[in-house]
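A.B. asks: Listed below are the residues making up each chain.
Number of protein chains: 2
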Amino acid sequence: METTLQSASKTVVIGPERPFCIIGERINPTGRKAFQAQLQKGDISQLEIDIAEQVAGGAHVLDINVGDPLADEVGLMRRAVVRAQELTDLPLCIDSSIIEALEAGLEVYQGKALVNSVTGEDERLEAILPIVARHGAAVIALANDDEIPMEPQRRYEIARKIVSAAGDHGIPPEDIVIDALAMPIGAEPRAAVLFFETLRLIREGLGVNTTCGASNTSFGLPGRHGLNAHFIATASTHGLTSAIMDARSPACVDGAHAADVLHARDEYGMGWIRTFRARQAAAAAAAG
Amino acid sequence: METTLQSASKTVVIGPERPFCIIGERINPTGRKAFQAQLQKGDISQLEIDIAEQVAGGAHVLDINVGDPLADEVGLMRRAVVRAQELTDLPLCIDSSIIEALEAGLEVYQGKALVNSVTGEDERLEAILPIVARHGAAVIALANDDEIPMEPQRRYEIARKIVSAAGDHGIPPEDIVIDALAMPIGAEPRAAVLFFETLRLIREGLGVNTTCGASNTSFGLPGRHGLNAHFIATASTHGLTSAIMDARSPACVDGAHAADVLHARDEYGMGWIRTFRARQAAAAAAAG
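Respectively, the protein sequence lines represent chains A and B. With the numbering used here, the residue at position 167 of the first sequence is 167, and numbering never jumps. In short: position in the second sequence from 1, add 1000, done, that's the numbering used here.
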């Protein structure tokens, strides 16, 4: 199944036969005090730096989150989505826990956006799915309800419920991207194994595209980039078709690209070779 | 199924629930002119450097190959195996295409060695399996005969034939490690996909342990360490339980260790953390 996202001028398709889709996650104030302070003053100039870095790193889609409890998130999202479309032709993923902010972003977005996110909770489904449907967007759906289940079968059932509810609102399965919930291995050693099994159930039972917040896996462990990279590539072989990840990490981007080479989605490694040469050129330029 | 290897004082077990087994492959003159010249003069002093580097890098087993057409390989193997056992307590993998050299190495080896290798060709089976049986060794068996088949099913059938022939010689399946044949992706884009499928057939049909020459995959491509690392970790999720690889590559060793973390064979990432700290300490020491 293929999920098509669009900006005003560019189309990106997520699917099992397509290159692994890198959803750049950096444009987010979580844990960034300076960016938070800027947003509280209505200053979105940081987007210029963050978007340039994600694009340079190789993101295919950009997640835009400007959530801050002390800021006017609805107004910020409207401005951020307009500004992001001036700065890049990549499709956007409009990311907020505030429904009005999602709607404000969708209203000014040109193309077919990804919305981040809905869950399996009835009230979230009933509030968010009509907005997604009205704007003809696609949506990331977390495989949890009021609890985060660890059992793959339970996550699968929530995913199936969401796909069904979306259908009731006229949203086809190809416009649902299930977040299969990457959890810290440091807290639960079988977290990745359970994640891979969840992917298998979703792939075989629903066939929809999947994503995750890839860096969650390594929380609390050292050498996080390397571990995240292997998590991404290994998850790809179990059916993961996209990840929300920081494209500034060459290790993680290489994980996605290596998965493409290994699974014959990058014939004769041409994309891999291109990335390698671009990095060599950048390193040579930096060395003067 | 578990394959037990032993030196005089140390046991290493290869198996799906065990840490991924790194068979250090550096002790081999292929492509190394200086080492070849030393061997031709009967000089095996290079072993001291090579073995120290493989051990420091994290190898669990050491492959010993002293093959050179202009040298006395039988005599060299006898001396190399004796010397290697003085230098390390890791179990050895005695590697030669010359049957007399395999036998010479086994005669002086203390413990239960791995022999590299036999193929599915009748004459090789009939020549090598009795030697393996007589010395109570384990053996790597390449899933090819006079040709290297690309079809997973054909490789599986050769593997099955070898396991059966080994049984006729009193060698149990747990003492067979099938080399599922990693081939260059640069020549055949589906080489890794076919390899993963071969692993699945072997795992489900025979349950024996598996290995491969991991670096073959990236032949002809840039960024080989990164690609090899992802090949190793991804193959591990499909059932690969060991690889013949250069433990001097931190990326490749990390691939094996990351696979252990992701598959809960390294509970709470303790092994991963230990490696990270050891590297930090080594870097600090190097920086003075």
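In case anyone wonders, no lab produced these hints; they're calculated from the structure. Treat the hints with caution; some may be incorrect.
[As the list claims (entries may be wrong)] To be clear about the criterion: a stretch of chain B counts as covered by chain A if any three or more of its residues have a C-beta under 8 Å from a C-beta of chain A, and this derived list gives those stretches:
1) 1202-1213
2) 1218-1231
[To be verified] Some chain B residues judged to face chain A by a derived CB distance under 10 Å, without partners named:
3) H1135
4) Q1153
5) P1172
6) V1193
7) T1237
8) H1263
9) E1267
10) Y1268
11) I1273
12) T1275
13) R1277
[Said to hold, decoys possible] Residues on chain A that point at chain B, a partial pick, calculated with CB under 8 Å:
14) G205
15) I273
16) R274
Glycine included, each C-beta is placed from N, C-alpha and C at the ideal position.
A.B. asks: If any of the earlier hints don't hold here, list their numbers in rising order.
C.D. replies: 1, 3, 4, 5, 14, 16
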